[in-house]
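The whole structure should be built from the sequences, with the hints applied where relevant.
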Amino acid sequence: MGVLFKTADTVISSINEFLDAIDQGALVFKQGVNNYLNKETKEFSDNIETILKLESHADKIRKQIENDLYIYSLLPQFRGDVMVLLEKLDDIIDTAKEIILQFDVEGPNIPIELNNDFSKLTDASVLSVESLIPAVRAYFNDVNAVKDRLHRVYYYEKESDKLADNIKRRLFKELENLKLSEKIHLRYFALHVENLSDVAQEVADLLSIMAIKRSL
Amino acid sequence: MIFFFLSSGLFLGWSLGANDAANVFGSAVGTKMVSFKKAAIIAGIFVILGAVIQGAGGTHTLGSLGNIDAIAGSFTVALSAAITVFYMTKFKLPVSTTQAIVGGIIGWNFYTGNPTNIDSLTKILITWVAGPILGAIFAVILYQLFKLILRRTKPHLLKLDAFLRLALLVVGAFGSYSLGANNIANVMGIFVSAAPKTDLDLVLFTLSGIQQLFLVGGIAIAIGIFTYSKKIMERVGNSIVQLSSEAALIVVLSHSIVLFIFSSQSLSDFVASFGLPPIPLVPVSSSQVIVGSIIGIGLLKGGRGIKFSILGQISIGWVTTPILAGLMAFFALFFINNVFKLKVTEDSELINPFTQKHTEIDSNNTYNTISDTSILTNAFNLDSQFVSKPKDQYISIENDTVLEKVNLQVEDSSSTPILATNNSELGTSSSLWKKFTFVLLALIILLIIWYLFSGSKFDESKNRAIVKKMEEFQKAEQELIESELKNANLKKQHLQNELKFKNRESVNFALHIIQKDKVFQKLKEKIDKIKNETDSDNRKQLIQDLSNFVNQNLNTDKDKESFNIHVEEENREFFTRLHQLHSGITQNERRLCSLIRLNFASKEIASILNISPKSVEMNRYRLRKKLSVPASQNLNDYISKI
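Protein chains in written order, with my numbering: chain A, 1 to 216; chain B, 1 to 642.
It is worth saying that the hints were derived from the structure and are not from the lab. Mixed in with the good hints there might be a few duds.
[Said to hold, decoys possible] List time: in silico BS3-like cross-link candidates among lysine-lysine, alpha-carbon distance up to 25 Å:
#1 Lys159/B - Lys60/A
#2 Lys88/A - Lys486/B
#3 Lys32/B - Lys154/B
#4 Lys502/B - Lys168/A
#5 Lys162/A - Lys183/A
#6 Lys88/A - Lys500/B
#7 Lys625/B - Lys183/A
#8 Lys53/A - Lys63/A
#9 Lys147/A - Lys159/B
#10 Lys516/B - Lys179/A
#11 Lys625/B - Lys641/B
#12 Lys168/A - Lys183/A
#13 Lys179/A - Lys526/B
#14 Lys625/B - Lys614/B
#15 Lys38/B - Lys230/B
#16 Lys179/A - Lys154/B
Laid out in structure tokens, this is it:
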């Protein structure tokens with residue numbers, strides 16, 4: 001029986017490590033976008049490297065947790081849900097990595113006037129992820145607190161929607177000196193950054209259902 | 001021989017193990033939190049321990065209800081109870097081993113004329129009702145307490161899972177111990193008279209005769225757990241655990257406490273030491289306590305989804321099971337006693353109403369009257385048969401001699417003065433009346449309940465048919481929804497692919513425009529340079545550079561690249577089929593095939609591939625040869641049919 005508690009401790013620390021990786025991934029993403037906006041190429045490259053490492057680390061831990069859940073038959077009632085949750089959380093860091101790489105590969109020409117808007121959009125998107133992590137931790141420790149934490153995710157998701165819309169509006173209605181191609185290109189980047197908060201919202205939806213299931 | 005007689009009790013023990021172990025470990029095994037093997041080993045060991053250490057209390061109460069002193073009587077009663085349980089379970093009627101055995105004992109009392117101890121009976125009946133109620137109360141209290149602890153400590157889900165596993169094992173062990181302690185009386189209680197008279201010394205401890213008997217019963221229960229409880233555990237477990245693992249743990253714990261309370265002599269003595277009435281030590285139905293506990297938690301959660309009809313079923317079980325088992329025992333005892341000529345009680349004075357009567361005749365000559373016999377004849381019709389057929393097969397050996405005496409006395413009655421009937425005689429006949437009125441009443445009650453229950457069963461079967469139809473309808477609807485969902489998913493997938501392609505196209509388009517801008521910018525710079533150049537040689541050189549630049553950009557035109565991507569996307573399936581038919585085809589030939597398939601003319605193909613029309617013709621010829629297309633067939637037709 002001691003083994004059971006020991007295994008539980010190991011899996012708990014793995015879950016915490018995984019959540020830390022996601023959280024850090026979001027922060028590095030924010031830093032990366034800001035560095036790109038400020039044309040700090042070296043720092044931006046470092047950010048890419050870090051996020052790649054974090055993403056592969058998160059993947060590794062997720063697989064390890066899933067293996068442990070099956071091998072030791074842990075959480076027989078909630079195993080499926082927890083595994084889907086971990087996979088969805090992994091999508092967050094995957095999305096963040098993908099966006100950062102798109103910045104690197106496509107090198108969108110972001111005019112200085114839009115720097116602030118892109119920075120705000122990134123902040124809102126990352127905040128939605130940052131608000132999600134405590135809700136996920138609450139699911140494991142204090143299921144009644146999940147709902148209280150999730151409303152922030154929804155709030156920041158809506159905020160990032162608004163900010164992305166604002167960027168698109170400014171692109172096509174105000175910034176006339178930009179070429180159409182550049183406008184289209186930048187529109188996609190606004191969508192990419194906003195997408196991060198959409199993924200966070202998907203996880204929040206899943207989490208709220210899971211919390212209801214646990215409290216039954 | 002004794003093992004043959006014990007077999008019915010062992011069978012009862014086996015069925016108890018098979019059915020009731022699921023109440024203790026069902027939730028743990030059903031949710032796969034504990035493996036069946038582990039659960040069966042723990043349940044088996046603790047059932048035996050409970051039976052041997054603490055099984056005496058319930059047995060004493062059953063003994064006070066009816067002390068079955070002949071092994072054949074015990075065998076018959078246990079067999080009647082086992083058959084009742086078996087058939088009622090088969091027909092999915094609510095049943096409990098406890099109630100069956102109590103009914104059997106009362107049946108034995110009726111048959112043998114042994115008085116039923118009303119105090120013991122009342123005590124037993126009260127505990128039957130109190131068991132589920134107490135289960136519900138304990139479940140509510142424990143559940144609230146558990147929730148409070150969880151709210152305070154906020155354990156991690158995985159820690160809670162580990163704790164629940166451990167707790168389910170510990171509580172399961174406690175439940176098994178209580179089950180053994182409480183329910184062994186049902187299995188072996190009536191065989192106490194057959195217990196060995198000598199103690200068994202096992203070095204570390206000594207087992208008394210009764211404990212040895214209980215050990216055998218406990219082993220029978222354990223065998224029942226190992227051999228037959230797996231399926232029931234998985235089925236019952238799933239229905240219990242619909243609440244949650246925490247609730248299931250509480251349900252098992254409250255059930256175990258109730259069973260323990262009704263079997264612990266020390267606890268009863270402890271309560272009595274405070275001047276309170278001692279706790280009756282009575283075997284209670286494990287399943288009914290479980291149901292009570294579940295309902296308690298259900299009520300705590302707002303009472304949604306509780307099937308209150310189950311309470312009605314339990315109440316019906318309280319009446320039908322003992323009556324059915326009692327009747328069965330009564331007739332079985334009659335059969336065993338008269339056909340196999342086996343003694344069902346050691347006290348021959350008790351057996352058969354007639355024995356009582358004739359014994360009295362022997363001791364008191366005032367009964368030797370014809371009117372005396374006629375009173376009996378009137379009181380009980382069968383009596384006249386016995387009188388006319390003194391050696392009737394229905395009457396026991398002991399009775400035969402007595403009846404012969406009666407006949408003799410009847411013959412002499414003409415010369416004897418008729419004496420008035422005395423009070424004791426009337427008492428005997430009225431006791432006969434009482435017994436058979438009871439039996440008749442029991443039959444009537446049983447018939448009424450059966451009628452009511454079969455009515456509800458009929459309604460139930462009607463409802464079940466409706467539910468089945470509704471389920472079928474829902475299933476069909478679900479299948480339809482699923483297929484729609486599948487279609488929608490496919491459409492979504494298709495749209496997503498399209499979107500992906502369009503996105504790539506847009507990005508390509510954007511990049512292409514940027515590229516074009518750059519080219520035009522450079523072109524403008526070069527033209528400006530030429531314009532400003534005065535030296536003719538340099539100018540010529542610059543014009544040549546310009547021409548090269550234009551050619552270079554024409555060759556690497558992004559338009560073509562994007563067109564090629566588009567063509568590749570459009571013809572993906574075609575390429576797969578083409579590759580299957582002609583695996584040795586080159587990249588250029590593949591592209592030519594795709595353009596022919598799109599019905600482009602040779603001139604157009606030449607322009608797209610940036611080669612001369614003649615080269616296109618040559619390539620077509622080579623392609624025809626490679627694809628082995630006969631001269632009679634058009635190459636375009638062949639390719640379009642691939």
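Status of each hint after checking the structure:
1. Lys159/B - Lys60/A: 23 Å, holds
2. Lys88/A - Lys486/B: 22 Å, holds
3. Lys32/B - Lys154/B: 24 Å, holds
4. Lys502/B - Lys168/A: 19 Å, holds
5. Lys162/A - Lys183/A: Status holds; Cα separation ~18 Å.
6. Lys88/A - Lys500/B: 21 Å, holds
7. Lys625/B - Lys183/A: At roughly 50 Å apart (the allowed maximum being 25 Å), Lys183/A and Lys625/B break the hint.
8. Lys53/A - Lys63/A: 16 Å, holds
9. Lys147/A - Lys159/B: 22 Å, holds
10. Lys516/B - Lys179/A: 12 Å, holds
11. Lys625/B - Lys641/B: 17 Å, holds
12. Lys168/A - Lys183/A: Roughly 8 Å between the alpha carbons, so the hint for Lys168/A and Lys183/A holds.
13. Lys179/A - Lys526/B: Measuring from Cα to Cα gives roughly 23 Å; hence the hint holds.
14. Lys625/B - Lys614/B: 17 Å, holds
15. Lys38/B - Lys230/B: Cα-Cα ~12 Å, so holds.
16. Lys179/A - Lys154/B: 57 Å, violated
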